[in-house]
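Chains as they are written, first to last, in the working numbering: chain A, 1 to 222; chain B, 1001 to 1466; chain C, 2001 to 2342.
If you are wondering where the hints come from, they were derived from the structure by calculation, not from laboratory data. It is possible that some hints are incorrect.
Quick list of in silico lysine-lysine cross-link-like pairs, BS3-like style, CA-CA up to 30 Å [what the hints assert, rightly or not]:
| no. | chain 1 | residue 1 | chain 2 | residue 2 |
| --- | --- | --- | --- | --- |
| 1 | C | K2331 | B | K1137 |
| 2 | C | K2064 | C | K2331 |
| 3 | A | K101 | B | K1254 |
These figures come from a predicted structure and were not determined experimentally.
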Amino acid sequence: MRLLIVEDDPLIADSLTQGLGPLGNTVEVFTVLSEARAALAHSHFDLVVLDLGLPDGNGLTLLAEIRRRGDATPVLILTARDGVAERVQGLDLGADDYLAKPFSLPELQARVRALLRRSQQRTDNRLRFGPLCFDPASGEVTLHDERLDLPPRELGLMEGLLLHAGRIVPREQLIDRLFGFGEAGPNALDLYISRLRKRLQGSGVRIRTLRGLGYRLEDDPT
Amino acid sequence: MIVVDGTLKRRLGAWLLAAVAVLGTFLLVEAYTSAQRAADRAFDSQLEAASLTIAEAIQWQDGQPVVEIPAAAFQILATDQQERVFYTILDTGGREVTGNLDGVITDDLRQAAQSAAVWKFATYHGTPIRLYGRELKSAGWESVEPVQIWVGHTLSGRDALARDLFFRALSRFVAMVILTGLLMWLAIRTALRPVRRLRQLIRQRDADDVSPLNAQVPGELYDMAETLNALFERQREGRGALLRFTADASHQLKTPLTGLQSTSELALQSDRPEDWRRALQIVHDSSARTSRLAGQLLSLARLRHADEGTPGRIDLAAVLRDTVMEWAERDAAQHHDLGLAPLPDTPLFVQGEPWSLREMIGNLIDNALRYTPAGSVITLDLERAADTVTLTIEDNGPGVSRDLLDRLHQPFERAGRQDTEGSGLGLAIVDSIARRHQATLTVHSEPGHGLRVTVRFPLLPEEDPA
Amino acid sequence: MMRALLLLLLSLMPSVLWAQAPTPLHVEAALDRQVVAPLLARFQQLHPDIDLRYHDNSTLNVDKQARDADPAPDVVISSAMPWQMARVNEGLAQRLDSAAARNWPDWAKWRNEVFGFTFEPIVTVYRLDLARHMMPPTTHADLHTLLKTHQDLLRGRVTTYSPTGSGVGYTLFQQDARYSPRFWDLVAAMGAAQVSLENTTRNMLKGLTDGTYWVGYNLLGSYAMHWARSHPDIIVQIPQDYALVMMRMAFIHRDAPHPAAARAFMDFLLSEAGQKTLAGSTPLFSVLPDVVGPYTAQRLRDQVGERLYPIPINASLLAFVDPMRRDAFMKRWNREIRILNP
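This is chain A alone, in the form it adopts within the complex (with noise of 0.2 Å):
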């Protein structure tokens, strides 16, 4: 894999490429927008991670001009600002995630595999989350390699969660996933979850409830 981090604390940029590389990634620093600008035309990158006060301007123009472009690398953006306005700006021009200085190395090794895990989906379909995987081709998971009979209910929840591995996903959108608009109630859902729950019980992978918000695949780390 191969990252461009555009940031211009030295700092900042050192702890990146010391916690990414360990990843598996090639990691390349630039320190200004216009050298950023360049090597972005000229190669491909699977992952920018762009900080958005810079010296010679701000990212966002840059995260613009990929867009128009067409160029659809995913593009991780960090700022200093925790202000609302900057990140609905970057994300409706197209950032695919946000982080707010300061962060913990931890969580944006996180996201960063969580968007390279959604960008290589793009060159191969199936879905993977440690030890699952799902073909949406076929319709076939497979936990450590070995294959999951579901029926089709189980499996449309187990795609939704896969989805979005490691991410909360809210109740609504998985009972509109599950049942359509209006059709059951929110106990069947839990009916679910927990059989899902037991088929997944010592695998490495678990269902996290987030009372009132959701679910969330994640690593089981007993």
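Add chains B and C to chain A, keeping to what the hints say.
Same frame as chain A, but now just chains B and C:
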């Protein structure tokens, strides 16, 4: 932003023009009609004189009116303008005794003249003329029968005189307009001089100069100068507050930085890896705390010293759901049970700014995460009342003692929990934001039963009244 | 073939030929043709493109033509000043807007529609025979005295205009009556002398020449002076107390069929060239003060002094044509002229 909305000169000019147009139309119409009236008066008196002259010459012979028309009567009728002249003398039966006005005097006119003198604009073979007719109660030896004298002439003299009078009025008016314009221009120039002086004064000031203005201004500009002074006053106060805040903030930042420095110095003096590791752990924790402190300071500065965004109708439920979702994703929340109670289905609108509401909820969550041990349950909720909506965050952590509760709102107050990481700014920020939204903040705690913080917002009606 | 030839002929014809297609111009005038022949000739010379048709006529006929003729005459000229004025007042004239018209003296025009273009003093004419018997009259009072003192000698030998037969005569008597009430004494005296009333100056001059009359009152000076040149026994006397001056008045008819030609004619009458011809080649005096010639208003003034009383061209003339005033005047005339008869 300053938009140049025309110049005063142009505006006054436009007003002058409008006044001239309205007044001018009125005056000119008036001048026109009065010129006509004056001309008619002047020439009508000639008709009257001619009529009198003819009347003088009427005598009765053998029961018939006899007139030896005086030549002077025609001279008077013709006037200097050489009008064509018309006259007729009618006897009691309406028969023409003499004259050159056959057919113009209708029976109606004749009857009208019996009671009062008649003035009339008429036409003689297509030529407009002015007619004057009156009845003469002549006394004779044989008869007292009345005769009517009608005289008339063409209108060129009247028209010429009316035109002349009108153009004289017109030229007077034009001269007046020009003079007024000139005076107005001079007046504007003179009146704007103090404005220019004031501008000069302000332009010459240093950027940092916020002392009151010292200038002579006319009464009309006193308000503006006063307002400027008030603005400088506010700027002075703002700068003062900002300086104080900056001093506070830098003091706050200096403390952990000093700790960092001493810790790292100690570690550098040591040769033992265990000491390094311990020091690094401290450095890591402290730097995380410091960066959070910096963020909170920034928030506080924004809240106190900046106007960002305009408040609008905000769905508090949506903002809450979004913010909790975002926090639940963060690493910091991974060891707590952070959740949302079931929210009402309908949107709950409050007047506010999205960024500050997020900041408030974020701070509440952050506080709860920091001051409760891992595994604690943190729940956020919204409760709707008749015209309020209450945001609640509850934890099952250790809580706070009652005597510390009141001081929690103050910045840099950590409620005696010096042991845990945190700046004590969180609740101060929440309090500031609550005030901005006319919301009330209450903190409730039973030691051993966790902390419960509520913010009660005024609820906007569901339907947008606009 | 014929048409082609015709076209060729037409194209070869010089444009002058087209211009020469003459515009007719009909002038109706109470002014003897032979008197103004030089003036008309000069006009023709200046305007070869206008075919001038000049009809001289009595004042009454001219007035009738102006009122009723169809087509109307282009230009109307008459010495019957009140009638001319009445026609203009009725709106029968059209305005002349030209430099000549504008520069014409104000006292000799009205509304720029009618113009007095001659200046003709009214004179007393007597035979030399008269001078042999008595002091010839130089004033109106002289004539009155003469008529009273030499009643027998002058009986039947006095002539003047008929106020009924001549518009000019009527006008002159009206004007005389305006100036002095003693005019009626003169009328009475003339009546006593069994005055002969003639319709034209020419008739009076003929009578004077053949010895029928010894003295004529209120003759047109222009004709009389012209006549006296060839008749040495005829003496022309401009009255020394006051002398009336008559003007021929000309206007363009409202319905003139040839208005352009009419304007050209009027402009000529009022022009320096016209007035010079008038003053130099006709017995009619020029109105313009700066025109040089034997017959000019200025020269007359130099001779007679300020006793010339032009009949004013203004609205007061209209009084003379008022029927009732005319009736009253004629009644008085008829009374006065018989009052001293035995």
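To see whether the hints hold, each was checked on the structure:
no., hint, result
1, C:K2331 x B:K1137, "holds (27 Å)"
2, C:K2064 x C:K2331, "holds (25 Å)"
3, A:K101 x B:K1254, "holds (20 Å)"
Going through the hint list in order, the structure satisfies each hint without exception.
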